[in-house]
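**Student:** Protein sequence lines, in the order shown, are assigned to chains A and B. Just so we're aligned, residue 24 is where the first sequence starts under this note's numbering, counting upward by one. Just so we're aligned, residue 90 is where the second sequence starts under this note's numbering, counting upward by one.
No wet-lab data here; the hints were simulated from the structure. Each hint should be verified, as a subset may be incorrect.
[Said to hold, decoys possible] Ranges of calculated distance between the beta carbons of each label pair, as one might list FRET restraints:
hint: 1; chain 1: B; residue 1: Glu169; chain 2: A; residue 2: Gly26; range: 17 to 25 Å
hint: 2; chain 1: B; residue 1: Glu169; chain 2: A; residue 2: Thr30; range: 24 to 32 Å
hint: 3; chain 1: A; residue 1: Arg119; chain 2: B; residue 2: Gln134; range: 31 to 39 Å
hint: 4; chain 1: B; residue 1: Gln134; chain 2: A; residue 2: Met64; range: 16 to 24 Å
hint: 5; chain 1: B; residue 1: Ser144; chain 2: A; residue 2: Glu102; range: 44 to 52 Å
hint: 6; chain 1: A; residue 1: Lys37; chain 2: B; residue 2: Lys154; range: 43 to 51 Å
hint: 7; chain 1: B; residue 1: Ser115; chain 2: A; residue 2: Ser107; range: 26 to 34 Å
hint: 8; chain 1: A; residue 1: Lys37; chain 2: B; residue 2: Pro198; range: 42 to 50 Å
Note that CB positions come from ideal geometry on N, CA and C, so glycine has one too.
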Amino acid sequence: NAGVTQTPKFRILKIGQSMTLQCTQDMNHNYMYWYRQDPGMGLKLIYYSVGAGITDKGEVPNGYNVSRSTTEDFPLRLELAAPSQTSVYFCASEYRDRDPGYTFGSGTRLTVV
Amino acid sequence: AQRVTQPEKLLSVFKGAPVELKCNYSYSGSPELFWYVQYSRQRLQLLLRHISRESIKGFTADLNKGETSFHLKKPFAQEEDSAMYYCALKETSGSRLTFGEGTQLTVNP
Chain A
24 NAGVTQTPKF RILKIGQSMT LQCTQDMNHN YMYWYRQDPG MGLKLIYYSV GAGITDKGEV
84 PNGYNVSRST TEDFPLRLEL AAPSQTSVYF CASEYRDRDP GYTFGSGTRL TVV
Chain B
90 AQRVTQPEKL LSVFKGAPVE LKCNYSYSGS PELFWYVQYS RQRLQLLLRH ISRESIKGFT
150 ADLNKGETSF HLKKPFAQEE DSAMYYCALK ETSGSRLTFG EGTQLTVNP
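Looking at chain A on its own, in the form it has when it is part of the complex (with noise of 0.2 Å):
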């Protein structure tokens, strides 16, 4: 049981670029969640999905587009990349009805130059 993978670890982009960040889930957990964690900031919510199929707006997706094929896959996509993505982002896991708190993956520190 791995709980929450994300990868890549660390990754750095130029300006323009694209990447996909990869979340992957092993718990059967129905809600998923991609944060972005900036210094004294704490943590804001980018997009987020109920279950399968079902995803919908956090609090910063503008830049960010996400999918749900699986239950177990949530990959955050960014399109062109720019300076002010420059974050650490956190994908988390949650069985919301029978055990709500997140599970949190070891997170992806993203550097766009």
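Based on these hints, arrange chain B on the given structure of chain A.
**Tutor:** Frame of chain A; chain B shown alone:
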């Protein structure tokens, strides 16, 4: 909209001293409150939640609806408690967590 405020970005105490990490919230309904902890080079993990009324690693937190607070307390701090602590709120019927900005706790020997 709901909001979580952690007034102290940095908190430093000596080993054995009591510690209190403050958390205040604004929300019109009945929230669920959580404390998450992030030790150095580790992922965020759930420390405790108010509905469980539990004590984890010697930490407790009581929800005070009158003062809209959920302060985290420990009577005798240990060096291994040094970490970043986040208070978080979840709406009554929602799923998304709103996090505070975090408090970096340092316990000195």
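**Student:** Does each hint fit the structure? Answer for all of them.
**Tutor:** Hints, one by one, checked against the model:
1. Between Glu169 of chain B and Gly26 of chain A the Cβ separation comes to about 22 Å, which falls inside the hinted range of 17 to 25 Å.
2. A beta carbon spacing of about 29 Å between Glu169 of chain B and Thr30 of chain A agrees with the range 24 to 32 Å that was offered as a hint.
3. Between Arg119 of chain A and Gln134 of chain B the beta carbon distance is about 18 Å. The supplied range of 31 to 39 Å is therefore violated.
4. Under the hint 16 to 24 Å, the C-beta atoms of Gln134 of chain B and Met64 of chain A, about 20 Å apart, fit the expected range.
5. Between Ser144 of chain B and Glu102 of chain A the C-beta distance comes to about 46 Å, which sits within the given range of 44 to 52 Å.
6. A beta carbon spacing of about 50 Å between Lys37 of chain A and Lys154 of chain B agrees with the range 43 to 51 Å that was offered as a hint.
7. Range check, Ser115 of chain B to Ser107 of chain A: about 27 Å between beta-carbon atoms, so the 26 to 34 Å window is met.
8. Lys37 of chain A and Pro198 of chain B have their C-beta atoms about 45 Å apart, which keeps the hinted 42 to 50 Å range intact.
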